[in-house]
Amino acid sequence: MVRIIAFFVGLGFAGVLLLSFFFNMSDFLRHPPEATAESEFHLEHKHLALASDGPFGKFDRQQLQRGLQVYKEVCSACHSLKLVAFRDLEALGYNEPELKAFAKQWDVADINPENGEPVTRKGTPADHFPPPFPNETAARANNNNALPPDLSLITKAREGGAPYVYSLLTGYRDPKTYRNEKGKPLPAVNQPPQNLHFNPYFANLNLAMPPPLASDGQVTYADGTRSSVDQMAKDVAAFLVWTAEPKLENRHRAGIATLIFLLLATVFGYFAYRQIWAEAKRKVRVTGPLEAKNQAKSRSAKSKQGVKG
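Residue 32 in the numbering used here sits at position 32 of the sequence shown, and the numbers go up by one each step.
Everything labelled a hint here was simulated from the structure, so no lab data went into it.
Note that beta-carbon positions come from the ideal geometry of N, C-alpha and C, so glycine has one too.
Just so you know, not all the hints are guaranteed correct.
To be verified - In the BS3-like style, the derived pairs of lysine-lysine whose C-alpha atoms are separated by at most 27 Å in a straight line are:
id : residue 1 : residue 2
1  : K82       : K184
2  : K100      : K122
3  : K184      : K100
Claimed, not checked - Cβ pair distances, simulated, as ranges:
id : residue 1 : residue 2 : range
4  : V267      : E38       : 36 to 42 Å
5  : A91       : V119      : 27 to 33 Å
6  : I256      : N145      : 45 to 51 Å
Start from the sequences, fold in the hints, and give me the full structure.
As structure tokens, then:
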């Protein structure tokens, strides 16, 4: 009786769920939701080809050094790079004297061991990149209550990675003249408010960061490369790929070596199978209690024990 009651109760719940789904689906089809500005005007990131792409990718050291220069002269005013130490830059092609000279260009917060008071000293290769602000409150106070994210892992933390960073840096548009792919202008209600900037590559179209790369020649590259906005955006995006995955080249090498090893092991295993086990596998040995040899052993054992049968 209890099972019958439970069956009808479950059947009732299933019927209620089915009716709810039917009515909700009917209402959705009769009154579909209006398209939001984000869905109409948001753009997918641009294509960006870097030397580190693909399973055989390697970093372009010169490009990474240019990206470091862009970060130092432009991005470091607001964004931290707390997971990277100055000595890590040796992988970019810098020697020890160059690392020491570069580290000295930064002021690092420390504690005086004699009196315990906070002090500021010149950086050493063992230090990490110092943050531009002492704490989150100061960072928000200097950026209209927006918190600039740390860039150490930004290409891993954002969908699209380096192409997203490149697209964002080069994607600022004038909201008053912008048109989407269908030629539709941005509605006035979606115009960015004060202290926000329109960028169709950003998730909600408006972000607090003003265009960091404002004009060509903003950074004078040490290697003489022309520093257009597009070039600077590519270089700093490549640099942030390295900060997020500095061991990428080692991982690629290990992966290729592993694949070669597995391929050779598969070939040798197949040849070993053909040489040793291919024929042996087909030899079927009939065995069991009814085999003549086993029956003879059984009779001998019973005879020794004096067992009949």
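**Prompt:** Given the hint that K82 pairs with K184, does the C-alpha gap stay at or below 27 Å?
**Reply:** violated (42 Å)
**Prompt:** When you take the CB atoms of V267 and E38, is the distance between them in 36 to 42 Å?
**Reply:** Because 53 Å falls outside the window, the suggested range is violated.
**Asked** Is the distance from the Cβ of I256 to the Cβ of N145 consistent with 45 to 51 Å?
**Response** holds (48 Å)
**Message:** The hint says 27 to 33 Å between A91 and V119; measuring C-beta to C-beta, is that right?
**Reply:** holds (30 Å)
**Message:** Tell me if the straight-line CA distance from K184 to K100 falls inside 27 Å.
**Reply:** Outside the cut-off at roughly 54 Å; violated.
**Message:** Hinted pair, alpha-carbon criterion (27 Å max): K100, K122. Please report holds or violated.
**Reply:** This hinted pair holds, its Cα atoms lying about 10 Å apart.
Violated hints, listed in ascending order, are 1, 3 and 4; each of the other numbered hints is respected by the structure.
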